[in-house]
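Participant: One letter stands for each residue in the lines below.
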Amino acid sequence: NAGVTQTPKFQVLKTGQSMTLQCAQDMNHEYMSWYRQDPGMGLRLIHYSVGAGITDQGEVPNGYNVSRSTTEDFPLRLLSAAPSQTSVYFCASGRGLGELFFGEGSRLTVL
Amino acid sequence: KQEVTQIPAALSVPEGENLVLNCSFTDSAIYNLQWFRQDPGKGLTSLLLIQSSQREQTSGRLNASLDKSSGRSTLYIAASQPGDSATYLCAVVTGANNLFFGTGTRLTVIP
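Taken in sequence, the protein lines are chains U and S. Under the numbering used here, the first sequence has 82 at position 82, and the numbering climbs by one with no breaks. Position in the second sequence (from 1) plus 1000 gives the number in the numbering used here.
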């Protein structure tokens, strides 16, 4: 009963490096999204997808890319990491306008 | 732009006390409202989902109400326990199931 699985849980990058945060769900949800959580600012939406092949920007999309080639997977790519991208990243999935289920989070530090 | 505010930011209560957490939002055009619990270093656990047409939802010792016209929701926790200690997040859903989060209320229940 995996639900929403995020990898890695922890990552340290140097400025300018690239990486991909992985998110997979096994509930056949059409909706998936990425949020970042920063102290004092709450969670903010980065990108979201309403189905395979469909993605759109959220509130804070700059510096991040996404793609959705399958229903199960929704990776988040940082092309050139910056210290401002130090944060905790959460992936979520859901069906329609119903309840959202979150992963355990990926803690990223950019030096 | 939707803004979600949670008051108080932190709350300490003795075990057994009933308590109310408050959430307000600026744009009443929402599809639903969701309350989450977050333990330190962990992901978000969905507690209650209230559709925009509903006034309240109950789960065990938790009761959430929604007054969409006034832009307010409350989470009532009965007979609090030390295990209830966590951060409680309120989020409203706009189009495409995108959530706008408050910054949370950090609850401590003292044995």
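Everything labelled a hint here was simulated from the structure, so no lab data went into it. Note that the structure is predicted; figures quoted are calculated from it, not measured. Using N, Cα and C, we set each Cβ at its ideal position, and we do this for glycine too. Certain hints may be false.
[Said to hold, decoys possible] With a straight-line cut-off of 25 angstroms between C-alpha atoms, the simulated SDA-like cross-links for lysine to any residue are: (1) 1042(S) / 98(U); (2) 1068(S) / 1042(S); (3) 9(U) / 1039(S); (4) 1042(S) / 20(U); (5) 9(U) / 77(U); (6) 1001(S) / 60(U); (7) 1042(S) / 13(U); (8) 14(U) / 98(U); (9) 1042(S) / 1078(S).
[What the hints assert, rightly or not] Beta-carbon label-pair distances, calculated as ranges: (10) 1108(S) / 38(U): 14 to 24 angstroms; (11) 1011(S) / 41(U): 43 to 53 angstroms; (12) 98(U) / 1082(S): 26 to 36 angstroms; (13) 26(U) / 1008(S): 30 to 40 angstroms.
Participant: Determine for every hint whether it applies to the structure shown.
Facilitator: Checked hints:
no.: 1; hint: 1042(S) / 98(U); in the structure: holds (22 angstroms)
no.: 2; hint: 1068(S) / 1042(S); in the structure: violated (30 angstroms)
no.: 3; hint: 9(U) / 1039(S); in the structure: holds (16 angstroms)
no.: 4; hint: 1042(S) / 20(U); in the structure: holds (20 angstroms)
no.: 5; hint: 9(U) / 77(U); in the structure: holds (15 angstroms)
no.: 6; hint: 1001(S) / 60(U); in the structure: holds (13 angstroms)
no.: 7; hint: 1042(S) / 13(U); in the structure: holds (21 angstroms)
no.: 8; hint: 14(U) / 98(U); in the structure: violated (38 angstroms)
no.: 9; hint: 1042(S) / 1078(S); in the structure: holds (24 angstroms)
no.: 10; hint: 1108(S) / 38(U): 14 to 24 angstroms; in the structure: holds (22 angstroms)
no.: 11; hint: 1011(S) / 41(U): 43 to 53 angstroms; in the structure: violated (20 angstroms)
no.: 12; hint: 98(U) / 1082(S): 26 to 36 angstroms; in the structure: holds (31 angstroms)
no.: 13; hint: 26(U) / 1008(S): 30 to 40 angstroms; in the structure: holds (38 angstroms)
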